[in-house]
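For the record, the sequence lines run as chains A and B.
Under our numbering, the first residue of the first sequence carries the number 402, and numbering increases by one thereafter.
Under our numbering, the first residue of the second sequence carries the number 119, and numbering increases by one thereafter.
Treat the hints with care, as some may be off.
[Said to hold, decoys possible] Simulated crosslink set (DMTMM-like; lysine to aspartate or glutamate; CA at most 20 angstroms straight-line):
1) LYS501/A <-> GLU148/B
2) LYS506/A <-> ASP156/B
3) LYS470/A <-> GLU489/A
4) LYS506/A <-> ASP177/B
5) LYS501/A <-> GLU180/B
6) LYS501/A <-> ASP177/B
7) LYS501/A <-> ASP174/B
8) LYS175/B <-> ASP496/A
Derived by calculation from the structure, the hints in this document are not laboratory data.
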Amino acid sequence: AQSVTQLGSHVSVSEGALVLLRCNYSSSVPPYLFWYVQYPNQGLQLLLKYTSAATLVKGINGFEAEFKKSETSFHLTKPSAHMSDAAEYFCAVSDRSNYKLTFGKGTLLTVNP
Amino acid sequence: EAQVTQNPRYLITVTGKKLTVTCSQNMNHEYMSWYRQDPGLGLRQIYYSMNVEVTDKGDVPEGYKVSRKEKRNFPLILESPSPNQTSLYFCASSFRRGGGPRSRSYNEQFFGPGTRLTVL
Numbered sequence: 402a403q404s405v406t407q408l409g410s411h412v413s414v415s416e417g418a419l420v421l422l423r424c425n426y427s428s429s430v431p432p433y434l435f436w437y438v439q440y441p442n443q444g445l446q447l448l449l450k451y452t453s454a455a456t457l458v459k460g461i462n463g464f465e466a467e468f469k470k471s472e473t474s475f476h477l478t479k480p481s482a483h484m485s486d487a488a489e490y491f492c493a494v495s496d497r498s499n500y501k502l503t504f505g506k507g508t509l510l511t512v513n514p
Numbered sequence: 119e120a121q122v123t124q125n126p127r128y129l130i131t132v133t134g135k136k137l138t139v140t141c142s143q144n145m146n147h148e149y150m151s152w153y154r155q156d157p158g159l160g161l162r163q164i165y166y167s168m169n170v171e172v173t174d175k176g177d178v179p180e181g182y183k184v185s186r187k188e189k190r191n192f193p194l195i196l197e198s199p200s201p202n203q204t205s206l207y208f209c210a211s212s213f214r215r216g217g218g219p220r221s222r223s224y225n226e227q228f229f230g231p232g233t234r235l236t237v238l
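Excised from the complex, chain A in its bound form (with noise of 0.2 angstroms):
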């Protein structure tokens, strides 16, 4: 079975500051891994993927993350927030077997002026 972790409900950066979502995943195969985006009353956009390539994955809007093998994580960053990017931010693993996606619970950014 899988399992995705995400650390903190709640984040909370100024504008231009660094932002760092963290994610820590479970998974008995090598995953896929994506990050998805909710604004406001809107359905989810992917962010970005992990699909056994590269581990640094650059995603849209300036986010990328780093697929860690020894710890389980890919964390997402941006260098520098803007407030456009004030969302609920999901992680999600992958079965390659059956295309299940298994979310976290999410992280809820909020960005301040």
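Knowing the structure of chain A, use the given hints to seat chain B on it.
Showing chain B alone in chain A's frame:
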């Protein structure tokens, strides 16, 4: 435009009144899935479908039904809704990159805009 559509977007109903939430995708995806999103719980899978006439239970299937008669449509049916089914529902679909039985599946799921359901 490639998209997943859901209808209705908002629905308020009463306990026991059967309802259907429709989901349609225009990307010729084989895989489709329903999730519910509840505060503090993230998204949980209700049902999924690998192809036409192939459906299976997810993590929280109780109280729901689905059907997959056509590739593009995957309706979610609540035969007798109850207040604990008040939630935000998302439909998603996915494609497989490449081809053949050994092709790698990236499982990049595309999500619909969501349906906010309230059961009184």
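Hints, one by one, checked against the model:
1. LYS501/A <-> GLU148/B: 13 angstroms, holds
2. LYS506/A <-> ASP156/B: 9 angstroms, holds
3. LYS470/A <-> GLU489/A: The given pair, whose Cα atoms are some 25 angstroms apart, is violated under the 20 angstroms limit.
4. LYS506/A <-> ASP177/B: 15 angstroms, holds
5. LYS501/A <-> GLU180/B: Cα-Cα ~18 angstroms, so holds.
6. LYS501/A <-> ASP177/B: 10 angstroms, holds
7. LYS501/A <-> ASP174/B: 11 angstroms, holds
8. LYS175/B <-> ASP496/A: Satisfied, since the Cα-Cα distance of roughly 15 angstroms is no more than 20 angstroms.
Going through the hint list in order, the structure does not satisfy hint 3, though it satisfies all others.
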